[in-house]
Structures are given as structure tokens and as C-alpha cells.
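A.B. asks: This is what each chain is made of:
Protein chains: 2
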Amino acid sequence: MVTVATHFVPKNEFERVCRLNASPAERAGLVANLARINTLYMIKRAGSGHIGSSFSSLDIVSWLHLHELDNERGLYFSSKGHDAPGLYAVLTGLGHLPMEMVHRLRRLGGLPGHPDIGTRGMVANTGSLGMGISKAKGFVYANRSEGRHQLVFVLTGDGELQEGQIWESLGQAANRGYGEIVAIVDHNKLQSDTRVERVSALGDLEAKFASFGWHVQRCDGHHFEALAACIDAAKANAKQPSVIIADTVKGKGVSFMEADAAKGDELYRFHSGAPSDGDYERAHAELKDAANADLERLGAAAVVLEQAPPADKAAALAVQPQSLTKAYADALLEQGRRNANLVVLDGDLMLDCGLIPFKKAFPDRFIECGIAEQDMVSQAGAMALKGLVPVVHSFACFLIPRANEQIYNNATELTKVIYVGFLAGILPAGPGHSHQSMRDIGILANVPNLTLIEPSCVTEVNMALAWAVNQNRKSTYLRVVSLPCETNFKLPEDYAFTPGRGAVLREGRDITVFAYGPVMLDQALAAAERLVAQGVSAKIVNLPWLNQLDLAWLTEVLGDCATIMTLDNHYLAGGQGQMIAAALATSGMANNRQIINLGLNNIPACGRNDEILRHHSLDAASLATSMLTMLKTPGRRTNEGLSL
Amino acid sequence: MVTVATHFVPKNEFERVCRLNASPAERAGLVANLARINTLYMIKRAGSGHIGSSFSSLDIVSWLHLHELDNERGLYFSSKGHDAPGLYAVLTGLGHLPMEMVHRLRRLGGLPGHPDIGTRGMVANTGSLGMGISKAKGFVYANRSEGRHQLVFVLTGDGELQEGQIWESLGQAANRGYGEIVAIVDHNKLQSDTRVERVSALGDLEAKFASFGWHVQRCDGHHFEALAACIDAAKANAKQPSVIIADTVKGKGVSFMEADAAKGDELYRFHSGAPSDGDYERAHAELKDAANADLERLGAAAVVLEQAPPADKAAALAVQPQSLTKAYADALLEQGRRNANLVVLDGDLMLDCGLIPFKKAFPDRFIECGIAEQDMVSQAGAMALKGLVPVVHSFACFLIPRANEQIYNNATELTKVIYVGFLAGILPAGPGHSHQSMRDIGILANVPNLTLIEPSCVTEVNMALAWAVNQNRKSTYLRVVSLPCETNFKLPEDYAFTPGRGAVLREGRDITVFAYGPVMLDQALAAAERLVAQGVSAKIVNLPWLNQLDLAWLTEVLGDCATIMTLDNHYLAGGQGQMIAAALATSGMANNRQIINLGLNNIPACGRNDEILRHHSLDAASLATSMLTMLKTPGRRTNEGLSL
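Heads up: the sequence lines are chains A and B, in that order. Under my numbering, the first residue of the first sequence is numbered 1, with each subsequent residue one higher. Under my numbering, the first residue of the second sequence is numbered 1, with each subsequent residue one higher.
Among the hints, erroneous ones may be present.
Remember, identical chains collapse to one label, so a pair may be satisfied in a single copy or spanning two.
Here are the simulated lysine to aspartate or glutamate pairs, EDC-like style, with alpha carbons at most 20 Å apart [what the hints assert, rightly or not]:
#, residue 1, residue 2
1, Lys386, Asp70
2, Lys359, Glu146
3, Lys326, Glu206
4, Lys416, Glu334
5, Lys386, Glu72
6, Lys416, Asp550
7, Lys239, Glu197
Simulated from the structure, these hints should not be mistaken for lab results.
Put together the whole structure using the sequences plus the hints.
C.D. replies: Given below as C-alpha cells:
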């Protein structure tokens with residue numbers, strides 16, 4: 001929530017700075033600093049976003065846009081993508097995007113949390129790490145095929161260099177002499193959790209790139225002349241792809257963000273998330289003062305800011321939200337205490353996956369793998385063969401598709417590995433589709449010997465992990481919603497956590513709704529309450545098992561209810577609803593019943609959580625309408641899960 | 001078919017050689033050569049297998065087993081895995097596996113085409129490239145956690161080094177000081193299609209490994225003393241993981257296989273597949289002569305071979321098999337002629353994917369990416385953004401799971417990319433589960449803007465590719481069976497290739513069977529014929545669309561037929577059958593109908609094609625029984641697709 005006055009730099013001030021009688025470096029420095037003011041504002045207003053990387057990369061991004069990209073002479077995109085707010089700030093400042101977009105970061109129809117080509121100026125969808133250099137190669141091939149020479153600048157992170165795809169992409173670029181590629185490493189020494197050196201040190205980065213046949217340079221990424229010289233040298237070296245390792249400072253431009261980076265503490269505080277009111281005000285003041293000092297030195301007037309328009313009210317916050325991440329952290333620690341064979345693997349997300357308590361308690365059983373999901377999963381497989389119980393962590397959107405074959409390979413060994421994917425489902429919707437894990441159920445459901453579970457609340461997190469560790473002899477995937485959620489329900493007192501069987505959270509006779517996880521169950525329950533006044537009695541069932549279904553239980557739960565709805569926090573294809581519908585059909589239980597599957601059938605939109613649920617008709621009001629429509633107009637209907 | 005007498009070396013001859021009064025190198029050389037004789041025999045008998053890599057690695061494998069692995073002091077496995085026949089030959093020769101297994105390569109219950117821990121002596125499931133060093137790390141961690149020191153030898157290919165996971169796995173091994181790892185690169189300079197240098201040159205391999213913090217040595221991989229010295233040096237360097245780049249010769253030990261490797265022709269002829277009778281006899285004679293010359297030099301008697309038992313008869317070959325690969329090659333060439341924007345990307349499988357004619361006709365529009373699926377797919381995405389029509393090729397088992405996130409990322413850009421996955425489905429069953437693509441439908445079905453198609457015959461291959469190139473505005477996945485198949489059916493004269501609509505191949509009134517692709521359609525049609533005598537009339541429907549279904553067409557095709565069977569050449573979860581069943585349930589069409597989904601619900605077995613279809617109850621006889629059971633005992637039944 002924004003409770004302080006916020007300000008942004010209007011377009012005419014960027015224009016004024018660009019016209020100043022000053023050196024290119026002085027102008028670029030000013031543009032970058034004004035862009036930092038707007039980046040800070042955008043992230044504060046959005047309530048989330050990546051300040052640290054935006055700030056470390058902004059001198060590079062500003063220089064490129066002022067000097068290298070005009071008339072499509074060069075193309076620029078960021079492979080890591082989470083520095084998008086900084087890029088947007090430059091594009092709006094220089095008139096390539098409408099300035100009013102700065103008020104719409106991470107809002108529906110606004111600027112997505114990670115780059116999407118639907119936004120003018122974005123040349124590729126990024127945000128999942130490691131794909132950038134491959135994409136640059138594709139651009140170069142296409143350009144050459146039409147006889148065109150265009151420099152392709154691609155920015156990568158340094159933590160990102162832990163991804164295998166980066167190295168997979170390098171050799172061919174050298175072999176084909178793709179001299180148009182200029183990769184710039186925003187080497188700010190900090191990745192999501194902490195220092196790259198601590199997570200998975202990169203070693204001799206220059207030697208690495210050189211050994212893959214690339215032309216390597218290194219410079220201070222905040223020194224414009226040095227950067228320009230490297231770019232010129234890269235251009236001159238036309239037969240070889242180039243990399244410029246740009247030493248930068250995370251949080252550059254704001255003293256306490258830089259200082260925090262220099263400390264090398266356990267966790268860097270400004271990687272993602274909005275600043276507090278106090279931090280916003282201090283950072284804003286520093287950036288403004290720095291810009292004004294520069295302007296004064298050039299004999300120019302101080303920067304004139306505009307006060308931001310009031311933010312529209314978000315939907316009320318949850319009153320008593322439950323954090324499943326915290327619950328998971330506690331449960332993992334508990335299981336770790338009981339089971340000396342349990343080891344934890346992390347892909348640079350120990351904070352977001354709740355692993356810090358375990359790491360502190362059992363440092364020898366915590367293995368930080370860095371941003372290297374395939375490697376992590378295959379390591380875990382070997383550990384399981386030796387009798388350990390590896391528990392593997394990352395965001396669901398990365399872990400499950402990226403290491404998909406490795407997970408299957410492990411499953412063919414009939415061992416026991418526990419995979420835990422956080423940030424599952426459509427919310428939070430601010431980061432956009434690269435981070436909204438909406439495919440993980442479908443792309444794991446057919447791995448043999450693997451059981452998929454999404455816990456709905458703190459109690460069920462405990463049950464699910466305990467089951468995976470102590471009862472399941474094969475592998476388990478826990479799908480965890482990261483957003484703190486309201487859970488206006490209690491599991492039944494006599495609830496036994498049994499494969500394929502769920503729990504009735506609310507009794508009802510007219511329609512039976514199957515859902516899982518806190519996000520959809522909460523909406524379903526609220527929808528049911530809305531329908532009471534209209535005389536509709538809806539039964540809401542929590543089924544945490546995503547690829548298992550006990551038909552005896554299903555028969556009992558359904559009774560003689562003739563109307564069934566399933567709710568997926570997932571694409572419809574491959575979701576739980578499709579499994580239930582198919583089971584109804586093949587078991588004969590579909591007879592004389594109407595069944596509808598709700599969920600997603602196109603790319604999830606980016607925006608504020610409440611607006612995105614509504615946008616996809618998955619909020620309580622829309623669900624109530626859908627239920628009412630089913631009951632009022634029974635009969636044949638199109639399953640929205642099929643592309644018909 | 002084996003039509004010549006074949007011979008193998010019995011166990012007592014290996015034992016005799018091991019007791020000879022000779023140097024360790026002389027003994028190892030003899031063991032390796034006897035193992036080559038048996039490897040050649042096994043592959044000839046099995047009808048397929050990888051001779052070239054087995055031969056290039058056999059000196060290394062023999063040496064390790066004779067000198068480094070006793071009493072579990074060391075652990076050995078091959079990351080590439082396709083050199084398994086050579087490894088089996090050593091293990092049987094040295095008594096670690098029963099000698100009679102040499103007659104059972106690639107047979108049900110025998111020795112799988114790629115390593116599986118179900119076979120004694122196999123320590124990890126491999127065969128999908130690039131996972132080995134990650135697994136070695138997992139073993140080392142687990143060993144250390146119980147205070148154990150064990151060397152972990154992992155053999156990699158050289159082409160395999162193109163996989164990003166290799167490089168993803170190296171840094172952490174160095175950072176954690178995993179000195180127990182000794183990776184050996186079987187550097188035979190040839191990958192699946194041709195020379196590594198031509199496919200995607202590796203550059204300065206020693207510098208690469210060194211830059212990742214590894215201890216690097218290089219030696220002649222056929223010189224035992226040199227190899228032993230490198231291993232000793234690796235052991236002495238206990239704090240750093242080691243790599244030994246072993247220069248080897250593909251096909252080592254047989255003059256014409258070595259000569260073919262030395263030529264560096266377009267294609268190396270002995271990578272995979274069984275030798276012809278003539279090649280078998282020449283190679284066998286050479287290997288025997290070489291062994292005998294060595295024995296004579298040592299004053300020992302010549303090797304005494306045993307004649308192999310007669311092979312049991314395989315099911316009759318198809319009379320007029322259709323090759324969809326050849327059909328695809330022609331279709332691709334044709335589309336390439338018509339569309340100048342069409343470009344072809346390959347992952348080192350140009351022969352197996354039928355790309356050679358296109359490459360010859362349009363060398364500038366053919367991009368060889370090497371074994372680098374993620375990189376290839378992301379490159380294609382960028383090409384599509386620039387208006388090209390990229391067509392991406394590999395085996396389905398690698399392309400679809402390994403580049404799953406990259407495919408999704410491309411799909412979110414709403415561009416048009418065509419993915420073509422060969423070796424789809426359960427047959428050929430000889431290579432084993434690492435190569436049987438049984439998950440690709442389920443793990444692609446929920447990618448938005450992507451249509452999945454499996455063509456059933458030559459005509460439909462043409463239709464499908466033409467549709468993908470000329471009609472579909474978004475992306476397409478073509479799932480292609482590589483095995484030449486009998487297709488005892490004709491598509492209807494008036495067949496229009498329309499999304500979600502299939503074709504009735506055989507009329508019938510009692511049961512309607514939905515299937516796709518040549519393998520299952522052929523079995524279904526044969527099953528229908530078998531049932532005629534029993535008065536059962538089965539309708540067989542070809543539905544090539546794997547994630548689309550036209551409900552109006554479905555209604556029409558079903559008529560009043562009350563019994564429905566679906567056949568998946570795929571796991572049941574996420575297959576076409578589940579989609580159809582769910583659509584029947586949600587459309588109301590499941591009313592008063594019984595529906596069964598057949599397909600796979602556990603790991604596919606390895607074996608001869610006919611025995612594997614029968615093993616999984618997917619052969620014509622089993623299908624006929626299933627149909628009859630449905631018709632005779634209608635009513636509720638368990639969907640075999642669910643883990644209940």
C-alpha cells in the first residue's frame with residue numbers, strides 16, 4: 001500500500017536533459033538517474049518489482065538506448081528480464097512508450113512484471129533465465145537471411161550464468177561467427193538470495209567465455225566511456241561474438257542499497273519487493289539530490305517532478321492470511337529433525353522456499369545448487385539411489401518444465417525424491433506468465449511413481465510433507481501457493497490424509513465443486529456464500545491430490561448430486577478437472593450428470609491479484625455466476641478446456 | 001534377421017585370459033577385444049545397438065573394471081549410455097552378469113538398450129544425454145554423508161558435451177571440491193550423424209573444463225598405461241574433480257569401422273544399427289584374429305568360441321511397410337521449395353529425422369544445432385519473431401521434455417514454430433524407456449497456441465506438414481513414429497484434414513475405437529478383423545489431433561454406439577484418451593455409454609517390438625480380448641489411467 005506521496009519525472013524533463021550541452025556520459029548519467037527515480041516510483045506503486053537489478057543495469061541500458069539502438073541499428077533485450085522496470089523507465093523517458101504507463105506497472109493492460117512482446121519496445125519474452133543468447137542467435141540468423149546487419153545486445157545476469165542453457169548456446173555462436181551479438185553481463189555479484197560467490201561461484205568468468213570462443217572484455221558498468229570503448233571494440237571484432245563483463249553495483253545510485261550489497265550479508269534486501277515508505281522516501285531524496293547536483297554542475301535548473309496520481313484501491317487485504325511458506329519452513333525443519341537422511345536442495349530461492357531455518361539447523365544437509373535446476377534434479381536422483389531422501393526446491397514455473405526430463409529419469413529408477421514447487425498457480429499475478437506456474441500439473445501428471453499434491457492450508461502442508469517423507473515410498477511433488485492467503489475454512493476434525501480422497505469443506509446439495517489449494521478454495525467458498533440468498537446450496541470439496549482419485553470416495557462425496565464443477569488453478573488441459581471428468585466418464589458416473597471444468601485456457605494475464613482473478617472469471621463473483629448458469633440452464637455445454 | 005552363424009566368447013575364456021601371465025595392459029587389451037567379439041554378436045542378434053561407441057570405449061571400460069572398481073572402491077557408469085552393449089560384454093565376461101544374458105540384448109527381461117538399474121551392475125539410468133556428471137555429484141554427496149570415500153568414474157561422449165547440463169553441473173563440483181569424480185570423455189570425434197567438428201565443434205575442450213575449475217588431462221584412450229597414469233594423477237589430485245579427455249577411435253578394433261571413422265564422411269555408418277551379415281562376418285574374423293595374435297604372442301592357445309543358440313523367430317515383418325520418415329523428408333523438401341521462409345533446425349539427428357534431402361537442397365536454410373535442444377528451441381523462437389518459419393527436429397523423447405519451458409516461452413510470443421518429434425511412442429522398444437517417448441502429448445497439450453498432431457500414414461504426413469506450414473497461424477507439434485509400419489488402411493477419398501476431426505477407417509456398430517498413428521491403428525484394425533468371426537462389428541477411427549476435438553464431428557461419428565474405446569501410444573495420463581473421455585463427460589455425451597481408455601500406465605518395457613506390444617496388452621490379440629470383455633460385461637469399470 002502506498003501511503004506516502006510519490007513523485008515521478010515527466011517526459012519533458014527527460015527531453016530537457018537529452019538536449020543539455022553536456023558530454024554524452026553526463027547526459028547518459030542523468031537519464032539513468034531520472035530513470036532510477038521513475039523505477040523506484042513504479043515499483044513502489046506496483047507493490048513489487050526488482051529494484052536492485054534495475055539500478056545496476058540502468059547505466060548500461062541508458063547508454064545503449066541513447067547511442068546504439070537508433071533506427072534499428074541495434075536491438076536490445078534483457079535475458080534475465082526482471083530488470084524490466086528500469087528498461088520501462090528509460091523507454092518512457094525517451095518517448096518510446098507512453099509516459100502514463102509508469103503508473104501501470106504490473107497492472108492489467110499495463111507494463112508486465114517481465115518483458116512481453118505485447119509491450120512496444122520489447123523484442124522477446126524473457127524472465128525465465130538462460131534463454132537470451134539463444135534468442136540473440138535466432139535474431140542474427142534471421143537478419144542475415146535477409147542480408148541485414150544489426151547488432152544484437154543481450155543483457156544477462158551473473159547468477160543467470162549458472163543456467164546450462166547459457167553455455168549450451170555459446171559454442172555455436174562462435175562457430176558460426178555471430179559477431180553481431182554483444183552480450184553484456186550485469187555483473188552485480190548478487191543473485192536472488194545472496195552473493196553469487198556464496199551461492200555457486202562462477203570462477204574465472206573471462207576464461208570461461210574465452211574457452212567457448214567468445215571475445216571477452218571487462219569494464220566498470222557504471223563508467224560510460226569504458227563501456228563505450230568496449231562496445232566499439234566488440235563492433236570492430238566483427239567475426240566473433242562478444243561478451244562484455246560489466247562490473248556493476250546492485251542497487252546503484254542509492255547509498256543504503258549499495259551498502260547493503262557491499263556487506264555481503266546472508267540476504268540482500270533489495271532484490272525484489274517494493275520498498276517501505278521510509279526506504280522509498282530516502283531513496284527518492286538521494287536520487288533527486290544526485291540528479292540536481294549533476295544539473296547544477298552543468299548550470300541547468302533542478303529537476304521538476306510531478307506528483308503521482310492517487311492509486312486506485314486494491315481489494316481488501318486478507319484479514320488473517322496464512323503463509324504456506326512459513327508453514328512449510330516449520331514442517332521441513334520438523335521432518336529434518338526426525339529423519340537424518342533428509343537432505344535439502346535449493347535453486348537460489350532459499351528465502352522464497354522457506355529453507356533458511358532448515359539450513360541453519362542442518363547446514364551439512366543443505367545443498368545450494370544455484371540456478372541450475374536440471375543439475376539439481378539429477379543430483380537428487382543419485383542421492384535417492386544411495387538411500388537419502390532429497391527434497392528439491394525452486395519455483396514451480398522453473399523446476400517442473402525445465403527439469404522435466406530429469407524428473408522422469410529419476411522416476412524410472414523407482415526411487416523417492418520429493419519435489420517442492422513454490423509460486424504455484426496464477427497468483428501472484430504481478431510477475432507475469434514467465435512466473436505463473438500454470439502447466440506443472442499437466443506436465444508431471446504422467447510421470448510414473450510420482451504423486452502430485454497441492455496443500456490448501458497450514459495443516460495440510462504439514463500433512464502433505466509428513467506423508468511424502470514418511471508414508472509414500474515413491475516420489476512426491478508438492479505444489480505450494482506462495483501468496484499469503486485467506487483460508488476461511490477448517491479441515492474436518494476427522495480428516496485423514498489419504499491418496500485420492502479429499503475433504504468436504506462446506507456441505508451443499510445442488511452443486512458439488514471440486515477445487516484445491518488456498519486460492520481457488522477461498523474463491524469457491526465465497527461464491528457459495530453469495531449463492532445462499534438465491535436459494536442455491538453448493539458443496540465445496542477440497543481435493544489436494546492432483547493425479548490420483550479414489551472412485552469409492554468420489555461416489556460417496558457426490559451422492560445423488562447431478563451438477564459438478566471443477567476449478568483448476570492451472571490450464572484446463574492436464575489439470576485436475578480433466579482427470580475428474582475423465583474418471584466420471586470411464587466409471588459410468590457421468591451418467592445423467594452435468595459437468596463443467598473451469599480453469600485457464602489461455603496465457604494468464606499479468607496484473608493485480610484481484611483484477612486477474614476477475615479477468616479470468618475465477619473470482620468469487622464470476623464463479624457464483626457460472627454455478628447459477630449451470631443450475632438454471634442444465635444440459636449439454638462445451639468443455640472450456642478444449643480448443644474447439 | 002540373423003541368417004549367418006554367430007559366435008560368442010564363453011565365460012571360461014575370459015577367465016583364462018584374466019589368469020594369463022602377462023602385463024596388465026596385455027590382459028586388459030585381450031579382455032577388451034573378447035568383449036568386442038561379444039558386443040558385435042549381441043548387437044547382431046538384437047538387430048540394433050551402438051557398435052561404434054561400444055568399441056571406442058571398451059578399452060577404458062575394461063581397464064576400469066579390471067583395476068579400479070573392485071570391492072566397490074570405485075563406481076562406474078556411462079552418462080551417454082548407448083555404449084551399454086560394450087559394458088554388458090565386460091560385465092558378463094568378468095562374471096558380474098550371467099553370461100547367458102549376451103543372448104538377450106534388447107529383449108524383454110534381458111539387457112535393456114540403455115542402462116537401467118534393474119540390471120545388476122548398473123548404477124544409474126542413463127541414455128538421455130548430459131545427466132551423468134550431475135548424478136556423479138549426487139553419489140559423492142551421499143558417500144560423504146556416510147563418511148565414505150569412493151571414486152566415481154563417469155564416462156561421457158564428446159557430442160554429449162554440447163548439452164548444457166554438462167556445463168551446468170561442472171562449477172559446483174569444483175566449488176565443493178568433489179575430487180572423487182573422474183569424468184572420462186570418450187572423445188571419438190563422431191556423434192550420431194557425423195564428425196563433432198562438423199556438427200557443433202567443441203573448440204578448446206581442455207581450456208573449457210579448466211575454466212570451470214576442473215583438473216584436466218588428455219591421453220590416448222586406447223593406451224592402457226597412459227590411461228592408468230591419468231587415473232593415478234586424478235586420484236592424487238584429491239581436492240578437485242578430474243576430467244580425462246581420452247582420444248579414441250570410433251569402431252576401434254575393426255579396420256573398416258575405424259577407416260570409416262577416419263574418412264569423416266557425411267555419415268558414419270556404424271553409430272547405431274546392426275551390421276549386415278557380411279560386415280558381421282568380416283568384423284568378427286578381424287577381432288578373433290587380433291585376439292589370437294595377442295594370445296599367440298603370449299604363448300597361449302587360441303580363443304575357443306561357442307556357436308550362438310538359434311534366435312527365436314520374430315513376428316513376421318510388415319509386408320509393405322511405410323516409412324513416415326521418408327515421407328516426411330519428401331514433404332519437407334516440397335514445403336521448403338514452396339516457402340522461402342521455411343528454415344530447418346536439427347539436433348544432431350538429420351539422418352533419423354529425414355533432413356538430408358532438405359539440407360542438400362537448401363544448405364543455407366539448414367541449421368545444425370548439435371545436441372542442444374534448449375538452445376535450438378529458443379533460437380527458433382527468435383527466428384519466428386522475425387517472420388521465418390522454423391521447423392525444429394529431434395527425437396520426441398528429448399525435444400519435448402528437455403526444451404519444454406523453451407517451447408512454452410515461444411508459445412507466449414504467439415508466433416509460429418513447427419516442432420517435429422521422431423521416434424514417438426512405444427516402438428521401437430529396443431532402445432528402452434529413455435528413448436520411448438510416452439509423455440510428449442501430456443507435456444505439450446497445455447501449451448497455448450500449439451496444436452498436436454500424429455500422422456498415421458504417408459498421406460497424412462503430407463497433409464499434416466502442409467497444414468502446419470500453410471494453414472495454421474500458430475505453432476504445431478508433429479509426432480512421428482519412426483518405425484516403418486504396416487498401414488493396412490486407406491484414408492477416405494473425401495478426407496479433409498480439419499482440426500479436431502478424424503476419419504473412420506473401418507465401419508462398425510458395436511464398439512467405436514479411437515486411435516492415432518500407424519502403430520496403434522494397425523493393431524486396432526487387426527483386432528477388429530479378429531472379432532468378425534465372433535460377430536462383433538468394430539468401428540475404427542483415426543483421430544490425428546491430440547489436443548483438439550470437434551464435438552459435432554464426435555457426435556456424428558459416435559451415432560448411437562454405446563461402447564467406446566480409446567487407444568493411446570502414450571501414457572494414459574495426459575493422452576488423447578483422457579481428453580476424449582473428459583470431453584464426453586462435459587458435453588453430456590458420456591450418458592449411457594461405457595468408455596475405456598487403454599494405453600500405458602507404467603514405464604514401458606524394453607524388448608522386441610512384438611513382445612512389448614503384447615507385454616503391455618496393446619497388440620491386436622489383447623485389444624480384441626479387451627473389446628470383447630467390454631461388450632460382454634458392460635457396466636462400471638475402473639479407468640486404467642488413474643492410479644487408484
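A.B. asks: Confirm or reject each hint.
C.D. replies: Here is how each hint holds up against the structure:
In the homo-oligomer, the alpha carbons of lysine 386 and aspartate 70 lie at most 20 Å apart only across protomers (18 Å), although the nearest pairing inside one protomer, at 57 Å, exceeds that limit. When the C-alpha separation of lysine 359 and glutamate 146 is checked against a cutoff of 20 Å, the pair qualifies only between copies, where the shortest distance is 19 Å, while the shortest distance within a copy is 54 Å. In this assembly of identical chains, lysine 326 and glutamate 206 lie within 20 Å of each other by CA distance neither inside one copy nor across copies; the values are 40 Å within and 46 Å between. Only within a single protomer do lysine 416 and glutamate 334 lie at most 20 Å apart by alpha-carbon distance; the minimum there is 19 Å, versus 49 Å between protomers.
Taking CA atoms no more than 20 Å apart as the test, lysine 386 paired with glutamate 72 passes between copies only; the shortest distance there is 13 Å, against 55 Å inside one copy. Taking identical chains as interchangeable, the C-alpha atoms of lysine 416 and aspartate 550 are never at most 20 Å apart, the minima being 22 Å within one chain and 41 Å between chains. In this homomeric assembly, lysine 239 and glutamate 197 come within 20 Å of each other (Cα to Cα) only across copies, at 19 Å, whereas the closest approach inside a single copy is 32 Å.
This entry does not satisfy hints 3, 6, going by the numbered hints stated previously.
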